[in-house]
Amino acid sequence: MSDWVDAPERGDARLLRLLRRLALTLGRRRTRPLLLPITLYFYARGAPARRALARYYEALGLAPTSRRLFRHHLAFAETILDRVYLWAGRDDAPALRVRGLEALQQERAQGRGCVLLGAHFGSFEAARAAARDEPRLRMQVVMHEGLSQALNDTVAVLHPGVRGQVAPLGSAQDLLRLRETLEEGGLVGLMGDRVVPGEAVYEALFLGRGTAFPLAPLRLAAALRAPVFFFAARYRPAVAGARDYELVCERLAAPAPGGPERAAWLQDLGERYVQTLARQCREIPDNWFNFYDFWHDEAGRPGTPDRGVSGAGGGVGRGLAARRCAARARHRGAPHRAFHGNDSQRKLEAPPPKPRHPVLYTARHLDHA
Amino acid sequence: MAEQSPFEQEIAELLVSSLNLEIEARAIDPTAPLFREGLGLDSIDMLEIALAISQHYGIQLRSDDPDNERIFASLRALAACLAERGACGPSEEVG
Chain P
1 MSDWVDAPER
11 GDARLLRLLR
21 RLALTLGRRR
31 TRPLLLPITL
41 YFYARGAPAR
51 RALARYYEAL
61 GLAPTSRRLF
71 RHHLAFAETI
81 LDRVYLWAGR
91 DDAPALRVRG
101 LEALQQERAQ
111 GRGCVLLGAH
121 FGSFEAARAA
131 ARDEPRLRMQ
141 VVMHEGLSQA
151 LNDTVAVLHP
161 GVRGQVAPLG
171 SAQDLLRLRE
181 TLEEGGLVGL
191 MGDRVVPGEA
201 VYEALFLGRG
211 TAFPLAPLRL
221 AAALRAPVFF
231 FAARYRPAVA
241 GARDYELVCE
251 RLAAPAPGGP
261 ERAAWLQDLG
271 ERYVQTLARQ
281 CREIPDNWFN
291 FYDFWHDEAG
301 RPGTPDRGVS
311 GAGGGVGRGL
321 AARRCAARAR
331 HRGAPHRAFH
341 GNDSQRKLEA
351 PPPKPRHPVL
361 YTARHLDHA
Chain F
370 MAEQSPFEQE
380 IAELLVSSLN
390 LEIEARAIDP
400 TAPLFREGLG
410 LDSIDMLEIA
420 LAISQHYGIQ
430 LRSDDPDNER
440 IFASLRALAA
450 CLAERGACGP
460 SEEVG
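Residue numbers (the working numbering), protein chains in the order written: chain P, 1 to 369; chain F, 370 to 464.
Hints in this document: simulated from the structure, not taken from any laboratory. Keep in mind that the hints are not guaranteed to be accurate.
To be verified - Partner residues aside, some chain P positions facing chain F, computed with beta carbon under 8 Å:
1) Pro48
2) Arg51
3) Gln173
4) Leu175
5) Leu176
6) Arg262
Every residue gets a Cβ at the ideal spot worked out from N, C-alpha and C, and that includes glycine.
Based on the sequences and whatever the hints tell you, model everything.
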């Protein structure tokens with residue numbers, strides 16, 4: 001059984017259901033030791049996840065020892081357990097330390113909304129919960145329909161008020177709603193690391209090796225015309241004196257310009273995002289929660305063509321050029337496959353990774369709501 | 370391909386410039402769908418279009434607009450909607 005890696009959301013779901021029951025009955029302190037056997041089970045049976053993690057540690061220049069890989073799995077399980085408490089709003093919820101929020105608060109003090117570009121790094125749930133508990137900030141959640149349904153259900157069970165705030169995302173209408181949220185001084189969070197099969201990508205060097213990142217979150221950030229921040233809630237229980245989660249927030253870009261400067265802005269944002277993510281991974285390796293073949297190494301095994309990954313430069317620009325060509329090609333009635341761009345990108349995308357939907361959240365600023 | 374009215378041509382030029390499309394504005398079929406199978410645009414492009422329209426014509430397209438689906442069906446539908454809402458009417462010539 002390999003659903004941990006084949007469908008992390010599904011693996012998450014089973015673990016979540018089990019943990020939710022245990023967690024609420026036993027409490028956090030008594031549930032945490034149970035994570036050991038549960039994680040051991042997933043660790044033992046998830047060979048692809050172990051392989052993927054091993055490659056990640058090799059990219060970091062760290063030996064992928066079993067101990068390291070297991071502790072990484074355990075950290076993930078602990079964050080999943082904490083989600084339950086974060087959403088249940090119980091006293092034993094992990095405390096949050098907030099760091100680097102000044103720039104964000106400055107923007108928000110001027111009534112400006114911000115885009116938070118996150119990743120499957122640390123616990124975005126903790127970040128959401130932090131925003132929820134902030135008296136001046138209430139969290140509104142918008143998610144891709146069908147995404148992490150089990151997580152959504154869990155959240156809805158634990159925190160009934162949230163259900164009504166969960167809306168499908170993806171239509172033009174939903175995106176207009178995001179812009180309205182920003183106009184009201186709210187926050188829009190999106191994930192920039194996982195690629196949905198068939199979507200437009202840009203190529204970048206991540207931890208020294210080329211791979212593909214989704215272009216849509218960058219384009220969306222541009223279209224929303226708001227300042228963009230890297231955002232994560234890092235899980236660092238081991239640091240003495242530190243609380244369990246630490247929010248980090250780093251400014252990546254000013255609101256996007258229109259016209260011909262747009263491409264350079266996107267290019268710059270993509271590079272900064274990937275560099276920031278890589279730096280975070282180097283600082284806290286076990287917060288990386290993409291338990292799958294992130295560099296498409298399996299796809300690149302003998303028998304499949306070279307992926308033709310370029311260096312860090314030109315990735316976003318090429319992705320955009322491909323999109324523009326696509327519009328033109330489609331207009332002329334070219335076959336559907338033209339949509340995904342040039343050859344190297346098509347190779348990069350084939351065979352596609354398993355569905356990993358970008359997650360979108362919005363937080364609405366509701367003073368005195 | 371149906372012919373563009375002058376106002377449709379104006380909107381087409383706005384689409385091409387705001388989305389940085391590599392097609393001629395006049396080559397957009399006003400009756401073809403703008404999204405997916407038509408011009409190949411997606412919902413993020415639509416957001417850009419909505420912003421360009423509000424900057425250009427001062428018309429806010431809101432998420433709760435019941436006409437959203439109709440408005441973005443095609444260039445013709447978009448132009449008709451904007452004309453209805455008081456953007457430069459279909460009679461106005463564009464240089």
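Results for each hint:
| no. | hint | in the structure |
| --- | --- | --- |
| 1 | Pro48 | violated, 31 Å |
| 2 | Arg51 | violated, 34 Å |
| 3 | Gln173 | holds, 5 Å |
| 4 | Leu175 | holds, 5 Å |
| 5 | Leu176 | holds, 4 Å |
| 6 | Arg262 | holds, 7 Å |
In summary, the structure is inconsistent with hints 1, 2 from the numbered list given earlier, while agreeing with the others.
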